[in-house]
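Residue strings, one per chain:
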Amino acid sequence: MLTKRIIPCLDIKNGRTVKGVNFVNLRDAGDPVKLAKKYADKGADELVFLDISATLEGRKTTREMVLKVAEQVNIPFTVGGGISSVEDVDILLKNGADKVSVNSAAVKRPDLINELSAKFGNQCVVVAIDAKEINGEWKVHLAGGSIPTEIGLFSWAKEVEERGAGEILFTSMNHDGTKNGFANEALAKLSQYVNIPIIASGGAGTTQHFVDAFDKGKADAALAASVFHFGEIEIIDLKKEIKRNNIEVRL
Amino acid sequence: MKLAIIDYGAGNIKSIQFAFNRLGVNAILTHDEKDIINADKVIFPGVGEAGSAMKMLIKSGLDQLIPELKQPVLGICLGMQLLCNYTEEGDTEGLGIFDTNVKRFDHSVKVPHMGWNVITDLQSDLFKEVPDRSYLYLVHSYYAELGSQAIAKTDYGLVYASALNYHNFYGVQFHPEKSGEVGAQILNNFLKL
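Taken in order, these protein sequences are the chains called A and B. Each residue of the first sequence is one higher than the one before, starting from 1 at the first, in the working numbering. Each residue of the second sequence is one higher than the one before, starting from 1 at the first, in the working numbering.
In isolation and in its complexed conformation, chain A is listed as follows:
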C-alpha cells in the first residue's frame, strides 16, 4: 500500500539553512546538505527546500547547493521559491532536483503550469498554494501569504490540476506557525475536488496533528519545519505513532 509521507521543509538563503534550526549533535546546522542527509537517515520520505534568497547571486548559490544535495542524498527532494520560468526549472532539474514548486508566479501567469508540465512532465510540478480562511471563505494569498487575492482555494486547486500540476502543497495561513494542528476540513475538501496528491502544511505541533491530517484531512503527505528542526518531534517516533494508528508509513 502507498504510504503517507513525512516531509521536513528547510528554508534556504544564499545556499545556507537560515532559521529555526537547532539540532543537537550537529555541528553545522547551517549546512543544508548535512541537514538533508540527517533527515534522510532519520526516515524522512522526501525533503522540500524553500529558497528565500532575495538576490540573483543568492539564488545562484542555492542552485549549487541543489547539486550537492543531489550528489549526497538518496531520497527525493523538491525545490521552491522564486521560480517563474521554464528556464528556472530547467536549471534546477539539471542540477538534480526531483520536483519544483511554483506559487505566486503560477497565480500571476497560470500558463506557467501548462508549460512546465508539457516540458518536464506533471510528476515534477508541485503547485504550492497559500490560502487563508476569511469569513468562511478560503482565499489564495501571494508572496508568502502577505498579499490577498480574490481567487478561491478550491477553484484554483481544480484549475492547477487541469493545467498539469502533479501535486498540491497547501499551506493554511490560519494554521501556519500556531502549532495547533493542520487545516483538516479544508484538506479533506481539497481531496474531494482534485485527484492528485495533497501535501498538508501549516500547524504541526504534535504527533496527533499528523495523524489527524492523514485521518481527518485525507492528506497524502504532511510537511513541517520547526517541530523537526528543534527536535520537538523525532521523525522515527512520529512514524511509529502514525503506524500505531493503522496508517501506512515507511518504517
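By construction, these hints were calculated from the structure, which means they are not laboratory data. Keep in mind it's a predicted model, so treat the numbers as computed, not measured. Do not take every clue at face value.
[Unchecked claim] Here are the simulated SDA-like cross-link-like pairs (lysine to any residue), alpha carbons at most 20 Å apart as the crow flies:
no. : chain 1 : residue 1 : chain 2 : residue 2
1   : A       : K37       : B       : A184
2   : A       : K60       : A       : D111
3   : A       : K179      : A       : D215
4   : B       : K103      : A       : N195
5   : B       : K59       : B       : Q71
6   : B       : K153      : A       : M1
7   : A       : K189      : B       : S108
[As the list claims (entries may be wrong)] Here are a few chain B residues that sit away from chain A, every Cβ distance over 12 Å (derived from the structure):
no. : residue
8   : N21
9   : R22
10  : D32
11  : E49
12  : K59
13  : G61
14  : D63
15  : E68
16  : E88
17  : L95
18  : Y166
19  : H175
[Said to hold, decoys possible] Now the in silico label distances, taken between C-beta atoms and shown as ranges:
no. : chain 1 : residue 1 : chain 2 : residue 2 : range
20  : A       : K34       : B       : H167      : 42 to 50 Å
21  : A       : K189      : B       : G90       : 28 to 36 Å
22  : A       : K60       : B       : P67       : 41 to 49 Å
23  : B       : E181      : A       : A105      : 35 to 43 Å
24  : A       : K108      : B       : P67       : 45 to 53 Å
Glycine included, each C-beta is placed from N, C-alpha and C at the ideal position.
With chain A's structure known, arrange chain B on it following the hints.
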C-alpha cells in the same frame, strides 16, 4: 566496469549518475552508439512523456540499437515502460522487449501514484538481499500489466508489474536512485548481474 547511462534528453538523469557514484562506480552519460555498445552495463532512464521520448529515440536511432544490446540493460521508470509492447500514453508503440502493455491508472486512485510503496513476489537476482515488501519510491501515472515476465509486483488500486525481466533486459518502475538504502542495494545487484 564500464557503465553507460543513455542520455537522450529525457529528464533528471544526474540523480542516477550520482547514485552510482555513491556506490563507487563512475557512469558516463552518453548517446554515442559505440559508448553504449562497449559498456558492460547500460541504464535506460526516462522521465517525461512516452510519445515525445519515443520520438527522441527514433530520431537518434536508439530505437534500433537498444533492442540489439547483449549486456545487462536496466530500464528505469519511463525507460521500463518504453521497453514494453505498447503504452497508452500518447498511443505509443514501445520497443517490444517486454511482452506486456502499459495503461493509465483509473480515477479510483489519485494519479500520479506518488510516494513509497512496497514491492512483493520478488523473483530475480536483481533483488538479492532485498526483503519482500521493501519500500521503494515511485512516481508514475501509467503502469505495466502483469505477465510472466513480472519479477516484482506492487498494489495501487490494482496489482501491476513494478519490475520486469526478459533475457538481459531488466526494467523497474520505481526509482532505485531515490529509494534510500534498498534502492542502492538494487543498483549494486544490477552491477553484479
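Hint-by-hint comparison with the structure:
Restraint check for K37(A) and A184(B): the C-alpha separation of about 15 Å stays at or below 20 Å, so the hint holds. Taking the CA atoms of K60(A) and D111(A), the gap is about 25 Å. The hint is violated against a cut of 20 Å. The suggested pairing of K179(A) with D215(A) holds, with an alpha-carbon distance near 18 Å, which does not exceed 20 Å. A distance of roughly 17 Å separates the Cα atoms of K103(B) and N195(A); the hinted pair therefore holds under the 20 Å criterion.
About 23 Å separates the Cα atoms of K59(B) and Q71(B), which puts this hinted pair outside 20 Å; it is violated. Distance check on the hinted pair: K153(B) and M1(A) sit about 11 Å apart at the alpha-carbon level, within 20 Å; holds. Annotation: proposed proximity of K189(A) to S108(B) holds, straight-line Cα distance about 17 Å (limit 20 Å). With a least CB separation of 7 Å from chain A, N21(B) falls inside the 12 Å interface cut-off, contrary to its annotation.
Distance check for R22(B) against chain A: the nearest CB is about 7 Å away, which does not clear 12 Å, and the non-interface claim fails. Once the 12 Å rule is applied to beta carbons, D32(B) is consistent with being away from chain A; the minimum gap is 20 Å. Annotated as non-interface, E49(B) brings its C-beta within 12 Å of a C-beta of chain A; the closest such distance is 6 Å. A cut-off of 12 Å between C-beta atoms confirms that K59(B) is not in contact with chain A; the least separation is 17 Å.
No Cβ of chain A comes within 12 Å of the Cβ of G61(B); the nearest lies about 24 Å off, and the non-interface call holds. A cut-off of 12 Å between C-beta atoms confirms that D63(B) is not in contact with chain A; the least separation is 20 Å. Listed as a non-interface residue, E68(B) keeps its Cβ farther than 12 Å from every Cβ of chain A; the least gap is roughly 28 Å. Separation of E88(B) from chain A is adequate, the least Cβ-Cβ distance of about 15 Å exceeding the 12 Å criterion.
Look at L95(B): its CB is around 20 Å from the nearest CB on chain A, clear of 12 Å, so calling it non-interface holds up. No Cβ of chain A approaches the Cβ of Y166(B) within 12 Å, the least distance being about 26 Å, so the stated non-interface status holds. Listed as a non-interface residue, H175(B) fails to keep its Cβ farther than 12 Å from every Cβ of chain A; the least gap is roughly 8 Å. Checking the proposed 42 to 50 Å range against K34(A) and H167(B) shows it holds: the Cβ atoms sit about 43 Å from each other.
Look at K189(A) against G90(B): about 33 Å separates their beta carbons, and that is inside 28 to 36 Å. Checking the proposed 41 to 49 Å range against K60(A) and P67(B) shows it holds: the Cβ atoms sit about 43 Å from each other. At about 37 Å, the beta-carbon gap between E181(B) and A105(A) stays in the expected band of 35 to 43 Å. K108(A) and P67(B) have their C-beta atoms about 47 Å apart, which keeps the hinted 45 to 53 Å range intact.
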